[in-house]
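The listed protein sequences derive, respectively, from chains A and B. Taken in order, the first sequence gives residues 1 to 555; the numbers are from full-length UniProt numbering. Taken in order, the second sequence gives residues 1 to 171; the numbers are from full-length UniProt numbering.
No wet-lab data here; the hints were simulated from the structure. In this text the structure is predicted, and so the values were computed from the model without any measurement. Heads up, a few of these hints could be off.
If the Cβ cut is set under 8 Å, some of the chain B residues that face chain A in the computed set are [as the list claims (entries may be wrong)]:
1. 75
2. 89
3. 96
Sample of chain A residues with no beta-carbon within 10 Å of chain B, all distances over it, derived [unchecked claim]:
4. 157
5. 190
6. 235
7. 277
8. 366
9. 370
Heads up, the beta-carbon is just placed ideally off N, CA and C, and yes, glycines get one too.
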Amino acid sequence: MYIYDDYDQKIVDQRVVQFRDQTRRFLAGDLTEDEFRPLRLQNGLYIQRHAPMLRVAIPYGHLRSDQLRVLAGIARKYDRDYAHFTTRQNIQYNWPRLEDVPDILAELATVQMHAVQTSGNCVRNTTSDQFAGVAHDELIDPRPWCELIRQWSTFHPEFAHLPRKFKIAVSGSVEDRAATWVHDIGVHVVSNEAGETGFKVIVGGGLGRTPMVGAVIRDFLPKEHLLSYFDAILRVYNRYGRRDNKYKARIKILVKAMTPAAFAAKVEAEWAHLRDGPMTLTQAEIERVAAHFTAPSYQVLAGDDAGFLRLQADNPAFARWVKRNVFKHKRPGYAAVTLSLKPTGVPPGDASSAQLDSVADLADRYSFGEVRVSHEQNLILADVRQSDLAAVWEEARALGFATPNIGLLTDIICCPGGDFCSLANAKSIPIAEAIQRRFDDLDYLFDLGEIDINISGCMNACGHHHVGHIGILGVDKSGSEWYQVSLGGRQGHGASLGKVIGPSFAQDDMADVIGQIIEVFAANREGDERFLDVVDRLGIDPFKARIYQKERAHG
Amino acid sequence: MGKSPHLIRLDRASGRREIVANHWLRVAEASDDAVPPHTLLPLSEWLARRDELLERTDVGVWFKPDDEPESLGDDARRLSVIAVDFPAFTDGRGFSIGRLLRERYGYAGELRAVGDVFKDTMLYLRRCGFDAFEVRIDKDVEDAAKGLDDFDEFYQNGVDQPLPLFRRRSA
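Turn these sequences into a full structure, and let the hints guide you.
Structure, rendered in structure tokens:
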């Protein structure tokens, strides 16, 4: 884990002082609402439906147990005893008082945390693979590069007021678990034939109103040039991105308008002036940052733990949990455990203060005091000995974190929706809950296999509905809430956007509609075929035919 | 447009700043007559009359956010005042203009931020090469100057600190 030195600490400490002054001036009437809005947003502070909402950065999803305890303490002291993990590896507080935010930031700064650039038209918190550093299929650890990007992007003076928000995701594995193809910049850490580290750079992906899969603008960028090349991309975007219409202001619109090839050429021309300049990374800096991400003091274990294997054979419930919630580790005898924040009846991604403290305790006892956050809104203990898995399972069960549903239909990605968010057109949490209740039979869920359901309460697509195998989008029609369903979306390599099946549905019908989609899948499935493969094979017509056979949709 | 009494001028070497009277008049368009001394012309007008004005050191240029520093190019070296307009502080295009003028086209004269300029963008402006700040007339100019001191350290390079922290940190 990256540990701040005096420079890093001073920067977050001075940020607290700066934001305290901005808040004071706003409350005193020296800053207007229009002036304060962009300033507070760049500190993750929204004015929401019921109260302010504060979004705290969890850079590339990494947390220490002491940080988690401070997050729990903030929820207890300043909020309603819970917090919400988002799809962007952030944590949100839904009920802080504006006046308290400077004090909250001061508490965060004591454990090297902040809310810098978690919102606003600037470079946002960089996201990554939740299994970075431990994944069995990892080629190169992306975390040092994420940290270098975090530092580069923090208070970047030239890119403080971009046309729109800007999101960067980094992956270093065979599988892309960071949704790199649907970010403003996606980076794959790769090595070339000579064994040199570099990056494949994807630009112009994104969800929202105009969803797009990004385009590769460079197959191999040598490692030392990462930041100067980012400067070139961002400069082109800052100067030429549209500012006349916020719905056309994302970099994806610019890339599409110019064509990816022309955009790439423009970036290369800009970069020709910047390459080999002062932002060229030094080997010393790469090594300094990388030294923070060396392996913890693992025990040397020969291979799979016998007791762990035996319990899997003997206990079907444990075996099921292992199959869904335990991920293969690169080190023999270790495993990564996903703690499901998706039990039925709890808003996806929510955790109470007590639960946060409990996870911190689990991390201390079983995973070197570290916790990860996934963009699927779950928590991860990344370095658990296989011999400890039985104990972790028991404790996680007692805490409500052991629902064996990771990657299954009830592991729903869901934005806060109209219950909390002032942008939302419709609620999303009750839809998630209705679907979870409909599919309460674990055996059945297990048999259905991998199905991603992603729910967004509005076009902004915080719930990533476009890339759900089943996507649900809340829409507003003449003042009432309706839901549009799409099929066949996916993240990862080969990312694609789901196809809308037709007219939208009322809230009360949604669980039935999902039920019918699953019936069509089950009826047409060959062997253990995955849902996504059936959709690819059949297309959406059979699903439409079943769902719209009687008039129900709103039109 | 017109004169503003609030101009913070920064000595980039010493960091000293002073509040000075503004002697330059920024015009939206010039008449066909001779351009009076201490006039800031829109870039387009300056380009149209470049041959006539190139030797004048008492004529400056101001940029709109979508004006291209490339079109001025190395002529920037001949000017003593360039202003960049920020019609809204949330329009960050002027930041790139500042850096390009300083870092690519060798501009060494006064680089002035005008428009929606107040305390909370001062430091970003300084880091992009601005050394004169025409603070909005309804804002406290003394208070605005303090915005230059919000941070002591920066990760990236900038015009004011050409070496990124990682090159200073390891030194």
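Okay, the hints, checked on the actual structure:
1. Nearest Cβ of chain A to the Cβ of residue 75 (chain B): about 18 Å, over the 8 Å cut. The hint is violated.
2. Against a cut-off of 8 Å between C-beta atoms, the interface hint on residue 89 (chain B) holds, since the closest Cβ of chain A lies about 7 Å away.
3. Among the interface hints, the one on residue 96 (chain B) holds; its C-beta lies about 5 Å from the nearest C-beta in chain A, closer than the 8 Å criterion.
4. Against chain B, the non-interface label of residue 157 (chain A) is violated: not every CB pair exceeds 10 Å, the least being about 4 Å.
5. Every CB of chain B is more than 10 Å from the CB of residue 190 (chain A) (nearest about 23 Å), matching its label as outside the interface.
6. At roughly 5 Å from the closest C-beta of chain B, the C-beta of residue 235 (chain A) falls inside 10 Å, breaking its exclusion from the interface.
7. Chain B draws residue 277 (chain A) into its interface by the beta-carbon criterion, the shortest separation being 8 Å against a cut-off of 10 Å.
8. In this structure residue 366 (chain A) is separated from chain B by more than 10 Å, as the shortest Cβ-Cβ distance comes to about 34 Å.
9. For residue 370 (chain A), the condition that its CB be more than 10 Å from all CB atoms of chain B holds, with the nearest at approximately 24 Å.
Violation of the numbered hints given earlier is confined to hints 1, 4, 6 and 7; the remaining hints are satisfied by the structure.
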